[in-house]
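Enquirer: Residue strings, one per chain:
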Amino acid sequence: MADNIPKTPKLDELEKGRWPSFVKEIKMAAQKSPMAVDLLGQLEQSYDEKIGYWKHGGIVGVMGYGGGVIGRYSNLPEKYPNISHFHTMRINQPAGWFYKTEALRKVCDIWEKHGSGLTNMHGSTGDIILLGTKTDELEPTFAELQKIDFDIGGSGSDLRTPSCCCGMARCEWACYDTMALTHDLTMHYQDELHRPAFPYKFKFKMSGCPNDCVASIARADMSVIGTWRDDIQVDPDAVREYADKGMNIESDVVDNCPAKCMSWDGKELHIDNSFCVRCMHCINVMPKALRPGKDRGATVLIGSKAPIIEGALLSSVFLPFVKVEPPYTEIKDLVDKIWDVWSEEGKNRERVGEFIQRVGLGNFLDAIELDPVPEMVAHPRENPYVFYEEYFEEDEGEEEEES
Amino acid sequence: MAKTVDEIAEAMFGMVKDAQGLKKLKPMDLTKAMVELYGGEGVDKKFCKLAIKQLIDSGRCVYTYFGGSYIELPHSEGAAN
Amino acid sequence: MSDVMKDRRTDYGPPHYEQFLPPVIKENYGKWKYHEFMKPGVMVHVSETGDKLFTVRAASGRLCSVSKIRMYCDLADKYCDGYLRFTSRHNVEFLLTKEENINPLIKDLAEIGHPVGGIGNAISSIVHTQGWIHCHSAATDASGIVKCVMDELIEYFENTKLPGKLRIALACCLNMCGAVHCSDIAILGIHRRPPRIDHENLRKVCEIPNVSASCPTAAIRPATVDDNPSVEVIEERCMFCANCFTVCPAMPLNDPLNDGVSIWLGGKVSNARHEPMFSKLAIPFLPNNPPRWPEVTTAVKDIVELWAKNARRYERMGEWIERIGWPKFFKMAGIEFQKEHIDDFKFAGLTYKRSTHLTF
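Chains as they are written, first to last, in numbering that gives the first Met the number 0: chain X, 0 to 402; chain Y, 0 to 80; chain F, 0 to 359.
Next up, chain X with everything else stripped away, as it sits in the complex:
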């Protein structure tokens, strides 16, 4: 195969420099895969002509599932016949992206046999991305994946593959077990993940603390972000140790507190926890001295998304604090109610955040039977045009007294 590799003077420029080169990866794959050879050719042409040559194709998949395969075709199939089909398969990653090499090698073997040998570890949603294969290889690939217990992830108007940070597996700040919740929701909602039934996509992302390492507040229709209700745990000796080692507690920690709820007298750090907003800064800076409290759980926020269609949104608070423990009834009840309303009333390609913008948060809360609380808004309304839904008639008061 190596002698078939096309001349790619432009791409070769991207083998220079110290950052890992994706061109080297494609060339490595091209040692064995004719698809990767043609990919090099087409990509070099894109670099020459400053335009992509792919066509979207939404009609391929594996039997029974409606998501997880992204159909793709080359616009130049005569010139690059080996990538005339170049479909992607999304494979549901194990929660937290932990692997044993034995399992990972099996995935590699399957993809070398049935696909281009190129992957993304991982895609934006969290899946293992197997990048590029022919329609005829989709079923055989899935058949082999079944044997090694890897299932296909989501795409289209379905539940997208849930993902999470490494949580309690390696982080002292995890306020709940992100990996356990992610796995549980993934298994509980397999039907929604594999059989698109929503107006548009729906994403869960689980972050163990307000540092939000999986960007759930920006990227998930439901963001579950760990937090705590009681006091930050302080080890006063360890605080002094940081100070002794040269940390300026005043400027590095106290001055950066957004709630202005702490003070430092040179010996002791005082925190008025009733005003702490759980931002994590002081804990981030002094991980040996400060820890989240012991009464831990999560804040559940709804509705973030990228700009398409009506503009980007961040998630906003729905449940200020929940305990996150199996079987996660409170979270699942909320999910089911939201899906019920949004599935029925949402417009085609309308994310749940956009739907809420359209119908109004107040009305949406009514529909899912959740009481409004002040934590849900940055501030109450500034606009006086209030839609009161009822009013008294002149003689109504008396009637009410009678009944």
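Simulated from the structure, these hints should not be mistaken for lab results.
Even for Gly, the Cβ is constructed at its ideal location relative to N, Cα and C.
A portion of the hints provided could be inaccurate.
[Said to hold, decoys possible] Listed next, the stretches of chain X that the computed footprint assigns to chain Y, with coverage defined by at least 3 CB atoms under 8 Å from CB atoms of chain Y:
id: 1; region: 53 to 59
id: 2; region: 64 to 78
id: 3; region: 302 to 312
id: 4; region: 325 to 332
Fit chains Y and F to the supplied structure of chain X, relying on the hints for placement.
Expert: Just chains Y and F now, kept in the frame of chain X:
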């Protein structure tokens, strides 16, 4: 008289067949229509889910994606090329 | 039921994560007490039991051949009893229990071309999308720009001399598969020419009401062209979002003369100090200039270094700019403020300056 999953799947198949080339139907379009028609006979959203699964697993219909997910009669791939 | 489906396993979900956790994690799950930064790209987590877990984080290009994954596996077998993980920013992490394995591992990683870093006050790997490698709507390449930018900035990956964390992300079109809209620096591919309508094919491959409905500014309306049903675009209303193209392939926006790159600044997702915020437009347009995109790499590097020089300790890009004000930022960065910087979509009014808090 209670409807069977097969009957509802068949009715859905009819809808898809009639709409092919005219309008792409989403799973919720099928569900809403069935609940409207047969809601009195115990057909609800959950029941429709089973019917859709049956319809897809039988190979008579497939999921497609054109900016959103639809249920259609199987395409021949040449059409995409 | 069709034959394929008869004995088919479906809906079994991903492998349970527990089988992939190294013993040190299984034993200390939920018991980690604190962690310490040891040196660039290396940290240690210490458990209440006294156990230690060392993490070595290496950059990856996101696009990985199976040959490369096997190389990672070889290293994990050699140094980590066969355990490794990946991060949300495409880095690969090696999980060690023996401290003496750290340096040999780093040396072996260097030999296969993978620098170690990205922890603490550093730039982590750039989250990015497919670009010309696999995407139908890309306005630029993704991996290429990422490679060029990181070649320039690699020292900030490999050391921790920045004031705070810096998160860069790239999306090759407004669909933002990489959800770049909350990054310290977002590199965003943009189209600037309205869709060219393929009237011949449109009615065959698209439903006209769907195409019309897809436009967020109602710029697309049904029209008869050459006696055939099609659509027309009111070009002044097109903001190049490409939503129509997503629902209808007969409306392509890709165009080598007009496609390019924009730069957005000051977003964050972490709640630390300042609340999460969106990135804001700094540079409306830079040309696509493959293979090395010099205009983009220079612009990004200049901004990183301006921030590094002027921000206070821990201050993220957005916190710094908010403190000094955008007018000062534009002046310091030497970026000309243009009409395109002013929002004109849904919530535009909220972005106007509504006070006299100005610097001179």
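Enquirer: State for each hint whether it applies.
Expert: Quick rundown of the hints versus the structure:
1. Remark: the region 53 to 59 of chain X is confirmed as covered by chain Y, as 5 of its residues place a Cβ nearer than 8 Å to a Cβ of that chain, reaching the required three.
2. By the rule of at least three residues with a Cβ nearer than 8 Å to a Cβ of chain Y, the coverage given for the region 64 to 78 of chain X holds, with 6 such residues.
3. For the region 302 to 312 of chain X, the stated coverage by chain Y is violated: 0 residues have a C-beta nearer than 8 Å to a C-beta of that chain, whereas at least 3 were required.
4. Requiring three or more residues with a Cβ within less than 8 Å of a Cβ of chain Y, the coverage given for the region 325 to 332 of chain X is violated, as only 0 such residues are present.
When held up to the earlier numbered hints, the structure conflicts with 3 and 4 and fits the remainder.
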